[in-house]
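Each chain is listed here by its residues.
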Amino acid sequence: MLDAPLKILVVDDEAPARRRLRELLEDCAGALPLVVIGEAASGRDALDLLGSAAADLVLSDIRMPDMDGIELARHLLKLPLPPVLIFTTAYHEHAIAAFEVHAVDYLVKPVRVQRLLAALHKVPRLRPLSDARLDRLPATARRFLSVTERSRVVLVPIEEVIYLKAELKYITIRTSEREFLLEESLTKLEEEFGARFVRVHRNCLVARDAIRGFERHVSAEGDAHWEVLLRDVPEALPVSRRQQFIVREIGRENDT
Amino acid sequence: MRIAAPGRQQQTMRAIINQKPYPPRLPELRNLGTVLRILLAVNGLALVVAFDREPSWEAFSRVWLDTTAIVEPHVLANLLLLYVLAPWLEHMPYRTGVIVIFALNLGTTIALDAVLAMLAPEVVSTGMARHAVFSLLATGLLLGYFHLRTKALSPAITEARLQALQARIRPHFLFNSINAVLSLVRAEPRRAETALEDLADLFRVLMRDNRQLAPLADEIELCRQYLNLEKLRLGDRLEVEWHLENMPGDALVPPLVLQPLLENAVYHGVEPSGSPGAIAINIFLRRGQVHAILRNPYTFSGNHHAGNKMAMDNIRERLALHFDAEASLETRAGKDRYEVHIRMPYRPAPQLERVHA
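Protein sequences, first through last, are from chains F and V.
Taking our numbering, I'd label the letters of the first sequence as residues 1 to 256.
Taking our numbering, I'd label the letters of the second sequence as residues 1 to 357.
Please keep in mind that the hints were generated in silico from the structure rather than gathered at the bench.
Where is the CB? At the ideal position from N, CA and C, for every residue including glycine.
Incorrect hints may appear among the rest.
Unchecked claim - To give an idea of the interface, some chain F residues facing chain V are shown, with a C-beta separation under 10 Å as derived from the structure: (1) A15; (2) P16; (3) S42; (4) M64; (5) P65.
Stated by the list, open to error - If you anchor each label on the Cβ, the simulated ranges turn out as follows: (6) E23(F) <-> R204(V): 24 to 34 Å; (7) A278(V) <-> S176(F): 24 to 34 Å; (8) E235(F) <-> M310(V): 41 to 51 Å; (9) R316(V) <-> S130(F): 42 to 52 Å.
All chains should be modelled from the sequences, with the hints used to inform the complete structure.
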């Protein structure tokens with residue numbers, strides 16, 4: 001392991017920044033065996049790339065279109081062997097302050113070759129960022145949910161999610177096409193994406209814009225309950241007694 | 001910039017400015033803001049006079065109408081005369097200007113009264129002496145007010161300069177640009193040179209005295225240099241459409257009135273999007289007004305609007321300091337487009353300066 005060259009992925013939305021980092025890595029190559037396995041222009045491209053090639057280290061910018069660096073860090077954890085992540089940033093006051101507090105590794109652009117080399121030497125001793133540590137960083141809501149399938153990270157854009165349903169150990173993500181299994185907590189998901197989803201049941205969050213309407217059912221024993229009807233999928237989901245107020249609330253929104 | 005201790009920087013700058021007190025000057029007599037203030041003040045005074053004469057409510061409104069019927073023609077005639085003579089008055093020393101204005105007002109008051117006395121003797125029955133006194137009093141109060149206002153605003157203009165400095169380039173842009181230039185040094189040294197020159201020019205403007213108005217053409221040049229640097233970083237993701245066919249390049253505008261808006265457009269409109277985004281800049285002269293319209297793509301993400309608002313407020317304030325009510329800045333956020341519309345009075349730069357330039 002010690003003799004194998006360090007496999008590095010460079011992630012930045014600006015081509016010149018990627019080129020600069022590559023140049024510097026070449027400068028380091030004499031002092032430390034390394035290989036750049038690729039470049040990506042966004043977190044999303046990086047995950048694509050990592051599906052077919054493994055990396056020991058990801059050097060990633062923070063502010064990027066499609067998927068920023070902090071979200072990338074979360075999805076990296078779904079890989080069978082998550083790489084170490086070091087952020088590169090030009091200036092990002094808030095994030096940097098939090099990085100300092102939580103000992104998240106970062107390099108400031110323009111990066112000096114000595115600083116880069118020192119960081120590379122540290123890599124074998126570093127652990128991937130844990131979810132607990134990522135939770136403490138100032139981040140906006142993710143744009144994707146991610147699941148691992150055949151050792152690849154599959155991204156599900158949050159706009160495509162129709163509902164999230166907790167079942168035993170897993171959460172089922174339902175899109176118009178299929179289902180995915182996610183290992184996260186429904187409460188945390190509700191906190192992160194609160195505005196987008198509404199809780200219809202103790203175990204179920206439904207995307208507000210996927211709701212087509214509500215239907216009232218009366219069972220043979222005479223018990224009545226509501227079901228929520230959804231766009232694009234046939235199944236109807238029960239609304240719990242405790243959450244019944246949403247029927248009127250959302251019904252009114254749809255009327256206006 | 002944020003790197004230097006801002007407190008000390010501001011202090012030294014205040015000290016420098018305090019050595020040169022702002023000279024008193026006559027109000028801008030052709031400015032809509034000035035005209036409105038005069039109208040309001042004179043009518044306010046008339047109200048006080050009417051109230052003084054008839055404190056009971058029923059009679060009061062009648063007396064007030066009578067008073068304004070006399071005051072209005074006077075004030076309008078005076079404003080018209082001052083409007084016509086404004087360019088001539090502007091070049092006078094302050095004291096002479098004040099005396100001339102007093103004389104003019106007294107003159108029009110008496111002349112108008114004479115005319116009114118012939119046309120409708122019963123209206124002007126209360127006597128010309130009262131009108132003359134009222135007119136002189138109003139003129140004196142207003143000139144005093146405008147003098148104090150100029151005085152009060154002169155630190156504000158200093159402040160405007162400070163704000164222009166604080167409407168600074170985002171550190172994010174500075175460090176990313178330097179990083180981009182570094183990436184060129186080895187492979188394309190000549191492009192690196194140009195980029196550094198652009199960066200130097202940009203900072204020269206940012207750090208100079210930005211209190212005085214500057215030709216629009218200079219601002220456009222600055223914007224081009226800025227966008228060149230952004231293009232270096234963002235490549236094909238940044239597209240710029242210029243529509244300057246009817247732009248009056250000699251119009252005087254507050255420095256850094258457009259560049260911060262472009263910076264916003266890049267930061268909020270182009271950078272967050274993976275696909276190419278076009279910024280359109282449309283500047284033209286219409287009916288004596290300079291219009292600048294900026295459009296950029298826009299995706300709502302809700303977390304970056306504080307910085308945007310700060311830049312807008314800063315520009316709005318500087319526009320108000322320079323042009324009062326004659327300039328405006330409006331923004332419109334559509335579904336996927338963001339538009340900023342600036343309107344300023346057209347004030348051409350003196351020809352002489354352009355010869356040297």
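>> Hint validation: P16(F) versus chain V, beta carbon distance must be below 10 Å. Holds or violated?
In response: At about 4 Å, which falls below the 10 Å cut-off, the nearest Cβ of chain V leaves the hint on P16(F) intact, so it holds.
>> For the hint 24 to 34 Å, verify it against the beta carbon of E23(F) and that of R204(V).
In response: holds (29 Å)
> Do the Cβ positions of A278(V) and S176(F) conform to the proposed distance bound of 24 to 34 Å?
Replying inline: holds (32 Å)
> Has the hinted range 42 to 52 Å been met by the Cβ atoms of R316(V) and S130(F)?
Replying inline: The hinted range 42 to 52 Å holds for R316(V) and S130(F), with Cβ atoms some 46 Å apart.
>> Hint A15(F) vs chain V: min CB-CB distance below 10 Å?
In response: Cβ of A15(F) sits 6 Å from chain V, so the hint holds.
>> Assuming the hint says 41 to 51 Å, is it satisfied by the Cβ distance from E235(F) to M310(V) or not?
In response: Distance hint for E235(F), M310(V) holds at roughly 48 Å.
> Measuring from the C-beta of M64(F) to each C-beta in chain V, is the shortest one below 10 Å?
Replying inline: Interface hint status for M64(F): holds (9 Å vs cutoff 10 Å).
> Does S42(F) pass the interface check with chain V, least Cβ-Cβ distance below 10 Å?
Replying inline: It holds, given that the least Cβ distance between S42(F) and chain V is near 6 Å, below 10 Å.
> Regarding the hint that P65(F) lies at the interface with chain V, is the smallest CB-CB distance below 10 Å?
Replying inline: holds (4 Å)
The structure shown violates none of the earlier numbered hints.
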